[in-house]
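**Q** Sequence:
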Amino acid sequence: MKPLHSIIIVLIILLSGCNGNNKDNLNENASVSALDALPENPLLLSPITFSINPNKAVMSTLYGNKIAYQHAKTNADSSYPNGAVLYEVNWKQKADSLWYGANIPDQIISVEKVQFTGNSVPKYELYAGHPLKKVSSNDETKKTALILSKRMVETP
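Under the working numbering, the first residue of the sequence shown carries the number 1, and numbering increases by one thereafter.
Everything labelled a hint here was simulated from the structure, so no lab data went into it. There's no promise every hint is true.
Simulated DEER-style distance windows between Cβ atoms [claimed, not checked]: (1) 11 to 36: 41 to 51 Å; (2) 10 to 70: 47 to 57 Å; (3) 97 to 11: 30 to 40 Å; (4) 107 to 67: 25 to 35 Å; (5) 6 to 92: 17 to 27 Å.
List of simulated lysine to aspartate or glutamate pairs, EDC-like, C-alpha gap at most 20 Å [unchecked claim]: (6) 123 to 40; (7) 142 to 77; (8) 66 to 77.
Beta carbons: idealized from backbone N, C-alpha and C, even for Gly.
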């Protein structure tokens with residue numbers, strides 16, 4: 001009878017230690033909203049590289065469709081093939097409540113899209129605001145060149 005009591009006590013302790021209050025840790029502020037005017041959700045594409053600007057408290061990730069991702073994986077040049085689409089998503093940073101000293105994305109500041117069509121010049125689009133809407137940009141050539149200068153991050 002003693003082993004049965006011991007087993008019951010251990011089970012009670014184990015079950016009482018389980019916390020039923022599982023907080024969902026999805027960062028909805030950093031997600032794309034259904035109200036955004038983006039043609040597709042860039043966060044569902046393949047990440048190519050990322051960058052952090054600590055002075056401006058901004059983090060960015062460059063995403064690409066399958067064509068762009070395969071090109072970035074095998075080539076180190078900026079001559080993406082026809083049909084390639086790149087999205088650079090820029091977020092404000094905020095302190096992570098779960099990890100001391102860590103920063104995580106907050107709201108999306110802007111999304112920059114570079115699309116390669118049959119033309120020799122890629123098409124640049126800028127989406128900004130809340131919700132994200134297509135806006136005009138004065139320095140499309142400079143921003144396109146900056147996005148195209150980024151190379152795929154190397155991982156072990």
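**Q** So which of the earlier hints does this model not fit?
**A** Violated hint (a single one): 5; every other hint is consistent with the structure.
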